[in-house]
Amino acid sequence: DVKVTQSSRYLVKRTGEKVFLECVQDMDHENMFWYRQDPGLGLRLIYFSYDVKMKEKGDIPEGYSVSREKKERFSLILESASTNQTSMYLCASSFVTAPAFFGQGTRLTVV
Amino acid sequence: SQKIEQNSEALNIQEGKTATLTCNYTNYSPAYLQWYRQDPGRGPVFLLLIRENEKEKRKERLKVTFDTTLKQSLFHITASQPADSATYLCALGDDKIIFGKGTRLHILP
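Residue numbers (my numbering), protein chains in the order written: chain A, 841 to 951; chain B, 36 to 144.
Next up, chain A with everything else stripped away, as it sits in the complex:
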């Protein structure tokens, strides 16, 4: 079975902290994605990557950066966490033009 693993299920951070969310996939997928999901707003794409060291902005990249140094790992970085970044963060991976497989999600609370 495809496995996409996010490093934390729940996370509480303070305003201004630098936060790292890690995601690892074991299916050699080219594409990896970071979304956030908020009530009433659905899944919104933050960044995606189609290859190692490659990244593309999604619809809401402000306040975030990403890193993909290895094919299986895609990290989301909150440079200076703010309360409006409290959300459910979902990582996904896929082959090109193929379905996406999601991790279990990280519920981040910024206080």
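Hints were generated in silico from the structure; no laboratory data involved.
Glycine is no exception: its CB is placed at the ideal position from the N, C-alpha and C atoms.
Treat the hints with care, as some may be off.
Claimed, not checked - Computed cross-link-like contacts, DSS-like style, restricted to lysine-lysine with a CA-CA straight-line distance of at most 25 Å: (1) B:Lys136 with A:Lys897; (2) A:Lys895 with A:Lys911; (3) A:Lys843 with B:Lys131; (4) B:Lys136 with B:Lys38; (5) B:Lys131 with B:Lys90; (6) B:Lys131 with A:Lys911; (7) A:Lys897 with B:Lys52; (8) A:Lys895 with B:Lys38; (9) B:Lys136 with B:Lys90; (10) B:Lys52 with B:Lys136; (11) A:Lys843 with B:Lys94; (12) B:Lys98 with A:Lys897; (13) B:Lys98 with B:Lys52; (14) B:Lys52 with B:Lys38; (15) B:Lys131 with A:Lys893; (16) B:Lys94 with A:Lys895; (17) B:Lys131 with A:Lys910; (18) A:Lys911 with A:Lys897.
Unchecked claim - In silico negatives: residues of chain A with every beta carbon more than 10 Å from chain B: (19) Ser848; (20) Val852; (21) Lys858; (22) Val859; (23) Glu862; (24) Tyr904; (25) Ser907; (26) Lys910; (27) Lys911; (28) Glu912; (29) Glu919; (30) Gln925; (31) Thr926.
Using the hints provided, position chain B relative to the given structure of chain A.
Leaving out everything else, chain B in the frame of chain A:
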């Protein structure tokens, strides 16, 4: 900009009936469209993918249609069961996959 619209309100269907969910999109000509299921507190799970040259796709009790002229996809669950209650998401994209907000489906026993 690209936009995906799904029924924003919850859909209540009696057990055993067919549930039909709608996905409309604008400013896009996708090569394929996907449907996912999401349960509370969990990540979405892939259900079906339909390509632009396919009019209909089936998987067990699920059926998806894709009308590129109307820019619409319909998702059907036949002989619905309470276990089918979930949020169903429509998604478009080749490399960059974007999602609709989803439709909450409640199957009433």
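Each hint tested on the structure:
| no. | hint | result |
| --- | --- | --- |
| 1 | B:Lys136 with A:Lys897 | holds (20 Å) |
| 2 | A:Lys895 with A:Lys911 | holds (12 Å) |
| 3 | A:Lys843 with B:Lys131 | holds (20 Å) |
| 4 | B:Lys136 with B:Lys38 | holds (10 Å) |
| 5 | B:Lys131 with B:Lys90 | holds (23 Å) |
| 6 | B:Lys131 with A:Lys911 | holds (17 Å) |
| 7 | A:Lys897 with B:Lys52 | violated (42 Å) |
| 8 | A:Lys895 with B:Lys38 | holds (22 Å) |
| 9 | B:Lys136 with B:Lys90 | holds (24 Å) |
| 10 | B:Lys52 with B:Lys136 | holds (24 Å) |
| 11 | A:Lys843 with B:Lys94 | holds (23 Å) |
| 12 | B:Lys98 with A:Lys897 | violated (33 Å) |
| 13 | B:Lys98 with B:Lys52 | holds (14 Å) |
| 14 | B:Lys52 with B:Lys38 | violated (30 Å) |
| 15 | B:Lys131 with A:Lys893 | holds (16 Å) |
| 16 | B:Lys94 with A:Lys895 | violated (34 Å) |
| 17 | B:Lys131 with A:Lys910 | holds (20 Å) |
| 18 | A:Lys911 with A:Lys897 | holds (18 Å) |
| 19 | Ser848 | holds (14 Å) |
| 20 | Val852 | holds (17 Å) |
| 21 | Lys858 | holds (25 Å) |
| 22 | Val859 | holds (19 Å) |
| 23 | Glu862 | holds (15 Å) |
| 24 | Tyr904 | holds (16 Å) |
| 25 | Ser907 | holds (18 Å) |
| 26 | Lys910 | holds (19 Å) |
| 27 | Lys911 | holds (15 Å) |
| 28 | Glu912 | holds (18 Å) |
| 29 | Glu919 | holds (23 Å) |
| 30 | Gln925 | holds (19 Å) |
| 31 | Thr926 | holds (16 Å) |
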